[in-house]
Amino acid sequence: GAGVSQSPRYKVAKRGQDVALRCDPISGHVSLFWYQQALGQGPEFLTYFQNEAQLDKSGLPSDRFFAERPEGSVSTLKIQRTQQEDSAVYLCASSLYNEREVQETQYFGPGTRLLVL
Amino acid sequence: DQQVKQNSPSLSVQEGRISILNCDYTNSMFDYFLWYKKYPAEGPTFLISISSIKDKNEDGRFTVFLNKSAKHLSLHIVPSQPGDSAVYFCAASEYSGGGADGLTFGKGTHLIIQP
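Chains as they are written, first to last, in my numbering: chain S, 2 to 118; chain F, 966 to 1080.
It is worth saying that the hints were derived from the structure and are not from the lab.
These figures come from a predicted structure and were not determined experimentally.
Careful, some of the hints might be misleading.
[Claimed, not checked] Across the chosen pairs, the derived CB separations fall in these ranges: (1) S:L118 to F:E1023: 39 to 49 Å; (2) F:K1019 to S:L97: 12 to 22 Å; (3) F:Q979 to S:G17: 49 to 59 Å.
Just so it is clear, CB atoms sit at the ideal spot from N, CA and C, and this is done for glycine as well.
Model the full assembly from the supplied sequences, consistent with the hints where possible.
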């Protein structure tokens, strides 16, 4: 079946510009995560949704970063007034949720590579 | 302070031999560990996972070993194949119940399989 998809795949922004990155999770996956991966580093957690509820946003680096998932499926990560240090690959992942309190595997999309000039 | 460490940025192994990738962690609350494989311009692909109640999990050519007392895990690939050349990330989570948890990743190890 279809995996996690993200768009755009590449985005070049001028410093100060606002950007919006989209994530389509796997159909039926309740949990959705955003990660930021800087060059040469591992992905770093940004935020987590369960359906439309944003349950954890502890990893968002500043108040310029905002994420939403209004209908519990597609999610958008918005970065306002982009800075050069925002240049990174932004990864989205989704997973099933279950009530057995067992960890579910996170499946990743291809990422959006953001370059801020 | 890095909670998940992969101290080898790269590893070169001959085709057919065993590849061993190592990972150390510092957070004793981590209870679920995963290995992801990543090709250039693609997202990480899930390989194998292990819960803290186990010390070994095997799936085909891939085996993950967990040593909780040493806070160390390793991924064994036997036999190594050219398609295994990729960056491998170790990841961990602390399950807090009531949903899911963000993963903490290491910096990755670039595995190169030589013919």
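Status of each hint after checking the structure:
no., hint, result
1, S:L118 to F:E1023: 39 to 49 Å, "holds (47 Å)"
2, F:K1019 to S:L97: 12 to 22 Å, "holds (21 Å)"
3, F:Q979 to S:G17: 49 to 59 Å, "holds (51 Å)"
Checked against the numbered hints given earlier, the structure satisfies every one of them.
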